[in-house]
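Protein chains in written order, with my numbering: chain W, 2 to 421; chain U, 213 to 589.
These aren't lab readings, by the way, just hints derived from the structure by calculation. A hint or two may mislead.
Straight-line alpha carbon distances no greater than 20 Å define the calculated SDA-like cross-link-like pairs of lysine to any residue that follow [stated by the list, open to error]:
id	chain 1	residue 1	chain 2	residue 2
1	U	Lys525	W	Ile101
2	W	Lys418	U	Ile341
3	W	Lys418	U	Thr321
4	W	Lys212	U	Ile320
5	U	Lys304	W	Asn383
6	U	Lys328	U	Ile341
Fair warning: this is a prediction, and the values are worked out from it, not measured in the lab.
The residues making up each chain are set out below.
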Amino acid sequence: MSDVSKPGLQSPLRRKLLMGMAALPAVSMLSRPSFADVPATSAVNTTGLAVTDSEVTVGILHSVTGTMAISETGSVEAEKLAIAQINAAGGVLGRKIKFIQEDGASDWPTFAEKAKKLLVNDKCAAVMGCWTSASRKAVLPVFEQYNGMLYYPTFYEGLEQSKNVIYTGQEATQQIIAGLDWVNKTKGAKSFYLLGSDYIWPRTSNKIARKHIENHLQGCKVVGEEYFPLGSTQFNSVINKIKLTKPDVIYAIIVGGSNVAFYKQLKAAGIDLSKQTLLTISVTEDEIDGIGGENIAGAYACMKYFQSLDNPNNKAFVPAFKKMWGEKTVIGDVTQAAYLGPWLWKLTVEKAQSFDIDKIAAASPGVEFKGAPEGYVRIHENHHLWSKTRVGRAKADGQYELIYETADLVEPNPFPKGYQ
Amino acid sequence: MIINSRFFNRSELIGFLALAVLLFVILPLSVDIFRLNLVAKYLTYAFVGIGLVLCWGYGGILSLGQGVFFGLGGYCMAMYLKLEASSVENTKIQSTPGIPDFMDWNQITSLPFFWKPFHSFPVALMAIILVPAIFSLIIGAAMFKRRVGGVYFAIITQAIAAIMTILIVGQQGYTGGINGITDLRTLHGWDIRTDHAKYVLYFVEVVLLFGCIVAAQFIRLTKLGRILVAMREQEDRVRFSGYSVANFKIFAFCAAAVFAAIGGAMFTLEVGFMSPSFVGIVPSIEMVIYTAVGGRMSIFGAVWGALLVNFAKTSLSESFPQLWLFGLGALFIAVVLAFPNGLSGIWADHIQPRIDRLLASRRPKSTNYVADGAPAE
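My request is simple: use the sequences and hints to build the entire structure.
Below is the structure:
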């Protein structure tokens with residue numbers, strides 16, 4: 002009987018058979034209630050979360066209106082796909098996932114308000130959400146105060162670590178160092194021009210890039226570093242400077258709509274990306290959709306996931322995503338990271354045998370997800386993910402071609418010594 | 213004859229009492245602390261609304277930059293709270309302990325000079341009032357003395373709001389940039405994140421709000437209030453009568469700025485952070501919309517407008533995450549087209565007369581009520 006009381010592993014058929022057996026008078030004399038494979042709610046939920054015998058509620062908190070909607074929609078779609086797949090596979094500890102979606106409206110205080118609502122009113126067992134650093138900074142105190150669990154999908158600047166957050170995207174060093182090493186080794190790059198939109202993520206990333214270039218790469222130097230306001234569309238002056246200084250690598254961390262202007266103006270100025278090396282950490286397949294493949298073809302991007310990755314997990318994931326959300330959708334790095342959120346949460350709950358936030362936080366380190374579209378990920382003690390760093394080259398059709406990937410998983414290091 | 217014989221007329225008294233009962237009794241007893249905290253957040257916009265009633269409704273000065281003063285008040289409070297949260301032991305892991313975390317991320321190694329005074333609570337409280345007052349005085353003096361008014365003034369205030377946002381976002385090492393100032397914890401050693409603190413803050417805020425209502429009503433009823441209305445209607449005649457129009461306008465604008473700043477400071481306490489998204493053009497226009505929906509001639513209307521519009525915003529966005537903005541837009545258009553005097557106009561034109569008629573039919577003696585309830589101008 003020992004494997005009968007072990008939850009979550011039986012097929013429905015087996016369960017029915019067992020229930021049939023339970024109906025037999027001889028067996029019913031045992032009068033044990035443990036034939037159900039669903040552990041009692043009182044045992045797995047000691048802190049009053051929204052968990053019933055058949056359902057568990059999670060929150061989805063992204064912007065579906067406002068300027069960030071275009072970026073965050075992919076994450077919402079990926080999270081809904083993951084939840085649907087988990088439900089189809091039997092749910093979490095035998096409970097179907099029900100989700101409550103809230104709109105952060107690209108507005109940081111709204112994020113805080115909605116996060117509070119999801120935790121205090123709806124008692125969500127976990128929340129998948131946020132995109133920009135600003136929105137995460139706004140909700141972080143809420144999650145810490147009300148002891149919630151946030152699965153945050155975006156690659157970000159690091160310098161943060163919380164018991165109440167699992168960072169499923171890469172922190173800055175995971176995205177930057179391997180890419181710089183690669184471009185230095187294979188392209189022989191010695192001089193770098195750093196560009197970025199003017200906010201915390203590009204600034205912190207370029208700071209790490211500069212330290213790595215100056216202190217760890219032999220004979221390399223930074224020849225320029227410039228920032229542009231969010232939404233800026235004028236890049237002609239910096240493009241002229243680039244033409245004058247002729248850096249081996251343009252290192253670009255420009256975000257959102259500015260990308261469209263930047264790559265078009267680069268092309269118009271006659272900078273041919275098949276000859277001039279450009280490495281970006283901010284352009285995923287989603288952004289190429291807006292920029293236009295022909296404008297960015299030849300550029301290199303350093304990410305952990307590309308839609309074109311050739312592995313069995315991704316070959317199942319991409320068609321499932323397109324089936325649910327349409328043939329035309331593209332899947333970028335963050336979308337994939339958002340897909341990991343519900344799965345990692347499910348695996349952690351099953352490891353902890355509990356929905357309690359404290360137990361999930363404690364059980365998270367070491368949880369591995371072998372079905373990740375990017376290949377394989379594992380949660381580190383610092384609540385970030387071990388994952389590989391990859392370099393891809395943009396093609397005119399809007400996809401990336403994988404050029405290089407690290408041999409091993411890269412350790413997340415949100416507080417890198419010597420890089421601050 | 214400086215003040216009318218009665219501070220509130222009958223319909224205003226009803227409005228005052230109704231609001232007091234709602235805010236002091238009904239809401240705290242009927243909703244949980246999460247919703248009450250939301251109400252507190254909505255009410256912070258009511259401070260701005262009261263200021264706009266004075267400056268726009270009575271003075272005829274449309275300011276599309278009230279977010280600037282809301283933000284200045286909020287940032288002054290946030291700077292004090294942030295310094296308190298950034299004690300040396302809280303920030304051990306930074307390269308420079310004892311300064312706010314965002315400064316450390318931006319390679320700033322010592323506290324900038326203009327942050328230093330905000331170590332002191334009294335200075336911070338004074339700054340909340342004085343910084344916006346002085347700033348609005350400078351803007352007001354620069355514009356009204358040159359007789360810039362009407363739509364030009366509105367455009368310039370909007371430009372100031374835009375400049376302010378760019379300044380805050382661009383100087384992220386000193387201001388927290390687009391993230392704003394987050395993770396605020398204690399006020400003078402008192403944890404503002406607990407439920408108990410939220411209750412206390414709510415009542416403090418409501419008391420302050422009624423203070424502002426009384427102050428605004430006082431201004432409205434003095435000779436000053438009369439001159440404001442006269443200026444709105446016929447600016448030249450007031451000037452020819454020997455009044456300095458500019459000074460009165462500057463006063464109304466400064467008063468509105470101070471009210472907005474008090475709201476901003478309360479916002480920081482209620483919500484626990486401040487960011488440039490309350491300073492720019494969009495929030496400034498939203499604040500004008502609250503006032504327009506409530507009725508720009510009514511102090512109570514402004515409070516109701518802020519409450520109801522924000523309540524609609526929250527509940528619509530909870531029920532229809534993808535469509536709510538359209539619904540809200542439609543609501544504004546409907547209100548502005550059908551009821552140009554806002555909610556208070558609906559009350560004064562449709563509901564109040566009916567109540568009066570009902571009362572009059574019961575007590576035929578008191579027919580002179582209607583005249584009392586009509587607009588004083």
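Violated hints - listed by number, lowest first: Hint 2 is the one this structure does not satisfy, whereas the remaining hints hold.
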